[in-house]
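*Asks:* Residues per chain are reported as follows:
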Amino acid sequence: MSRRLPKGGRLIDRSKSLGFSFNGKEMRGYAGDTLASALLAEGQVLMGRSFKHHRPRGIVASGPEEPNALMGLGRDGTFEPNARATTTELFQGLEARSQNHWPSLENDFGAISSMLSRFLPSGFYYKTFLWPRAFWKHVYEPAIRLSAGLGKPPMRRDTDHYEHFNITIDVLVIGGGISGLAAASAAAESGADVLLVEQDPAWGGRAPVDGARIDGMSAEEWIGSTLQSLQSMPNVRMRTRTTGSGIHDHGYVLLHERLTDHAPEHSVPRHRLWKVRAGQVVAATGAIERPLSFAGNDRPGCMLASAVRDYVVNYGVAPGERTVILTNNDDAYRTALTLREAGLGVSAVLDTRQQATGPLAAAARDAGLNVRPGCGIAGIVGRNRVDGVQVCRQDSDGEVIDVIQADCVAMSGGWSPATHVWCHAGGKLSWNDEAAHFAPDPARPPTGVDGMAMMQVAGSASGAIHSGTALESAHAAGVLAGKALGESRGRKAGRAPAGEDEGHQPMEPVWLVPARAPYAKRAKSWLDFQNDVKVSDIELAAREGYESVEHAKRYTTLGMATDQGKLSNINGLAILSRELGAPIEEVGTTTFRPPYVPVTMGAIAGEARGELFQPVRKTPIHEWHEANGAHWEPVGHWRRPYAFPVQGESVHDAVKREVLATRSGVGLLDASTLGKLVVKGPDAARFLDMLYTNMMSTLKPGKCRYGLMCSENGFLVDDGVVARLDGDTWLCHTTSGGADRIHASMEEWLQTEWWDWKVYVANVTEQFAQIGVAGPRARDLLNELGPSMDLGREALSFMAWTDGALGNVPVRVFRISFSGELSFEIAAPAGQARALWDRLLEAGRPLGMTPYGTEALHVMRAEKGFIMIGDETDGTVTPQDLGLHWAISKRKDDFLGKRAQEREHMTDPLRWRLVGLETLDGSVLPDGAYATDEGVNANGQQKTQGRVTSTYYSPTLDRGIAMGLVERGPDRMGEILEFPVIDGEPVRARIVNPVFHDPDGEKQNA
Amino acid sequence: MLILTCPYCGIRCDETELAAGGEAHLKRFGPGSSDEEFEGYLFMRANPKGVHFERWRHAYGCGKWFHAARNTATLEVYGTYPAQVHEPPQEVLDAISTRVPGWRWKDVS
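Chains as they are written, first to last, in the numbering used here: chain X, 1 to 1006; chain H, 1 to 109.
For the record, the hints were derived by calculation from the structure and aren't laboratory data.
Treat the hints with care, since some could be wrong.
Computed spacing ranges between beta-carbons, pair by pair [what the hints assert, rightly or not]:
| no. | chain 1 | residue 1 | chain 2 | residue 2 | range |
| --- | --- | --- | --- | --- | --- |
| 1 | H | S109 | X | M452 | 22 to 32 Å |
| 2 | H | T72 | X | D402 | 55 to 65 Å |
| 3 | H | R45 | X | L847 | 28 to 38 Å |
| 4 | X | E221 | H | C62 | 34 to 44 Å |
We put the CB at the ideal spot given by N, CA and C, even for glycine.
All chains, full assembly: derive it from the sequences and hints.
*Replies:* Written as C-alpha cells, this is what we have:
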C-alpha cells in the first residue's frame, strides 16, 4: 500500500494542505503535489482500466510518458478527458474521475474481456471483416462502439479562454534540466537571444533526484546559481509549464504553455500556444526509462524505477512498503538506495546481468541490500495489485526459484533519449549498441533554410545519460547554437560545467524476462500498457507478415495511444527485430510526429472562436435586412437574406409571396455580393477572349454579354454578365462565391503565362453595391426616382447598360435579368447604396414593391431554366452538358478549356446533359436524387442514368419543378424516370424542357 | 512551415502568407497539341526527393507569383526569382550546383 512518508518531498509544501476528490471521494494532498503523487499518498494504487481488456492499472511513470493514470478532470464547461495524473498539478478543489470502467473502478464489467483476450488477438478488427457481413452490424459494431475510447468527450462549451503568441528568437532551448540550463547559459553567453522552456513547474529535471554533483556543488545548489545567472541576463527569457510540442520546417516551433491549470482561480488565458521562429533549436529533452517485459508487468504496483525514486524524493510518497527492483543497468540501484534511506523495505534487487560489479551495486551491498545477479521475474502474485514476486533465473524459461513478498516492483530496462522533437523536423537517429538505444545522429540533423543544421541536441537527449558527459554535450550544443550570432557580437561562452561521474558497469539489453519465457508468459508481458499490446501480439504480427515496423504498429496498435509509445516503442521494436532475425537498426523506428504530448483543442483554436472564428462580410444594406427580419443564408463569407418572413409567416410562405409579388408587380433584391472585376488595358480584349468561352472582344461599348469560364480541364467554373465600359475596359461580373477565386485566376494567368500582355485587373466587388429591380412594374418604379437618363424599352434595350443618376445617386444601370422579368440591376457606390435602397423602398410602397431574398432569386431562375454554378455544375460538367453551345465561340483558335473539350470523353454522346424534370404527381423531387436504370454495374450496384441538380416548389406554376443531368437527356423528351427516395415509393418524373416559365422571353424584353 | 523570400517585395514570408502553386516552368499546350502533350501539361507532375522548382504566390502580401528553387528533402532554399521567366536564372542554377553537385531536374541541370 502506498502512503505519505513522515518527512521529505523537495517539491511539496507540507504547510499548505489542499482538498481534492477522486471518483467523488474526498482526499487531501499538499501544494506541489501532482494528482498522481497525491493519489499515491492517499493509498490509491488502482487508477484506471486499460483500453482493450479493461485490466486494472496503476501509475507507471512520474512524467508525461505515463500510459495508465488518465483522468477526467473538472466538470461541465471546464471538463477535460484523458488528463495524465502525473503531469496534473494539484489545486484546492480539483475533481478527478478515473476512466474506462463500468459500473465502478473496482468492479468493472468490461474486465470480462480480459478473460476473452485470447479471442481478441492483434488485428482482431481486420479479421472480423472476413466473417459474414451481418456480424458487423449486429455483433461487432455495437460491442466495439460500447467499449471504444478512453475518456468521454466534453459536452459543454469550454468556458476558459486561450491565446496564441508569436515570437522570433535566435536560440530556443527545449528542456530545463541541467543540460538545458547549461546549453542556454552557453548560448546566452555567446550573445544570442535565448528562450528556455521547461514542461514541468520546476527547473532542473532529474538531477536533484539522482544526486548529481556539478562544479563541486549539489545539483540543487548548481541549478539555483545557474538560474540566478540566467535570470540576470537581459537576452534570456524563461518559461516553465511550457512543452516543446512540435518542431516544424525552417525553425518553426509550437510551444504549449499551461498558465492556469494549476491555479484555475486566475482569469488570464488558460493555455497559450507559442508560435516560435527560432534560428537554432537545442533539444535538451532528456531521456525516458524503459519498462521491462515480464509476465504481469502491468499489475498496479509495477512502476519505472526512476518514478519510484521521484515519488519518494520529490513528493515524500512511498509507492510501496516492500519493493523489488528489477534492472539490467546500474541506474535502478539509485532507487534501491533511495528507498533504503527513506526507511522503506527493499526485498531484493534482481539484476538480469550475470554479475553486478558497478560502484552503485557495491553501495547497495554495503547498505545490506539483497542483490541477486542473473535473476528475473517469472510472474506477479496478486490480482488488482502486486502482492508478491516470483523469482526465476533470467537465463531460463521461467522456473520459479523463489517467491518474495512485495507490494511494488521498480523496473528499469535502460534509458532511451527523448528524440521526438529531433525527429519531427527530419533529424535521423542511429542505434547505439552499448546503451541499446536510438540517439540523434549529429551527422544527419534537421536542416534549415540554408541547408545547415537547425537543431543541436544536448545532454541525455543526445545519449549522454551520465551527468558529466551530459553537461559537456549540453555546453557544446549551446555554444554551436549561439555561435553565428554570438561571435559577431564579440562575446564568448564560458567553460562547460563539470559533472562528476562515479563510473558504472555497462547495461545489458534485455527485451524479455526471463529470456526463454514460454507463450503463456509472453501473452502476459505488456509492451504498450495503454493499448494493451503484449509481446505475443508483436510476434503474431511478424508471423502474419507485418514485417515493416510501420505495418506492425498499425496492425497491433503498438504506440498508437495517447502516450504515442513513449514507453513501448523500443521494447516493441526489439521484439519485432528478434522475430524477424534482423538487427534493431535495420527494423528502424516508427515516425515521430507532433505533438510530443497532447495539446488541448482550445490552445489550437486560440482566440479563433465564436465571432472571431471567421469574418462575416456584410453588404452596405445589411443593417436594413437585419432590422426587417431577414432569414439569413451564408454565401461564402457573406451573409445574405434567404427570405424576409413577415410576422407569423413561415420561410416557405415568405418565398412564395416574394416570387408571386415580383412576377406580378415589382421586387427588390440586394445583389451586392455579386463579383465585380474591372479588366483594363490594350490587351484586355485578347485576354478576355482567352478566359471566356465566348467572344468578348466583339462586344460593343454600352452592351452586356453573358459569359462562361472553364478551367483548362474543360469544365465550367464560373459564369456572369460582362459589360464593355469603353474601348479597353470591361466589367466582368462573377458569381458571389467566385469573385476572389476568379480574380486570383486572372492574376495567375497574367503573371505566369501572358506576362507581356498589357492588362490590369481590379476587384471592385466591395466598392459597388448592386440592387436588382425586377418585375413588370420595374420601369415604373425607377421612373418615380427621376432618372437622369432614358430607361425606355428602346433607349436602354435588353442586355445594354447606361450611366446616370437615380434619386440623385450616381448609378450604372444594367438591363439584365436573372428572373425572366423586366429587370434592371443598379450599381451604386457602396457609400450611397443604402440611401438609394431607402428611396426605392419609399417610391415602391404605392406599387406594392416587395424585397426578396436569395431563395426567391433561385426559384425564379430555375423557373426560367437558368443554371447556377455549384448546383448544375460540380467541377465535372461542361458548358455543352448544360446545352450552352451558343455561348462557346467556334471562331476562336484558343480559350481556356478548348483543348480539353476536344477529348474523346468530353464529346461522348452518352454524357449526362441538362433537362427539366416534372414530377407526375406535382411533388417536389428530393435534391440530389438519382434516376435508376436497368441492371447493375461491375460492383453489383443499381445502375443510374441521371440526377437532380436543382429542385423547387414553383409558386408561379404551383407545382414541383426540377433540373437534372440525364444520360442523353435532351434526346429523350417525354420519357419518364424513376427516382428512389428514402422511406417511400420512388418518385416518377417526366423529362421536359428546362425552361418552365415564359419560354419565349417576352417578359424580360418588355 | 517554410520561409521563402518574395523576390518582388523582399519580405521573408512565413508560409501562412503564401499560396503554393505546384511545379514551375510548365509549358502550356492548347488546341492542336497531341493527347500526350496535353496530358503532360495538365496532369503529369514531377515529385522529386531533392531539388525542385515550385510556383508560389505572395497571396497575403504583394500578391505576386514567384518561383522557388528548393530541396524537398533537406528543405534548403537555393533561391527565389520572379515568375516571368521560361527557365531558372543562372545564379540559381549555380547556387544549386554548389550545394548538390551533379543535380538534375527534368531537363534542367
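*Asks:* Range first: 22 to 32 Å. Now tell me if the beta carbons of S109(H) and M452(X) are that far apart.
*Replies:* Once the Cβ atoms are compared, 24 Å apart, the range 22 to 32 Å for M452(X) and S109(H) holds.
*Asks:* Lying within 55 to 65 Å: is that true of the beta-carbon distance T72(H) to D402(X)?
*Replies:* At 59 Å between Cβs, range holds.
*Asks:* Range first: 34 to 44 Å. Now tell me if the beta carbons of E221(X) and C62(H) are that far apart.
*Replies:* 56 Å, violated
*Asks:* With 28 to 38 Å as the target window, see if R45(H) and L847(X) comply at their CB atoms.
*Replies:* 59 Å, violated
Going down the numbered hints, you'll see the structure goes against 3, 4, while the others check out.
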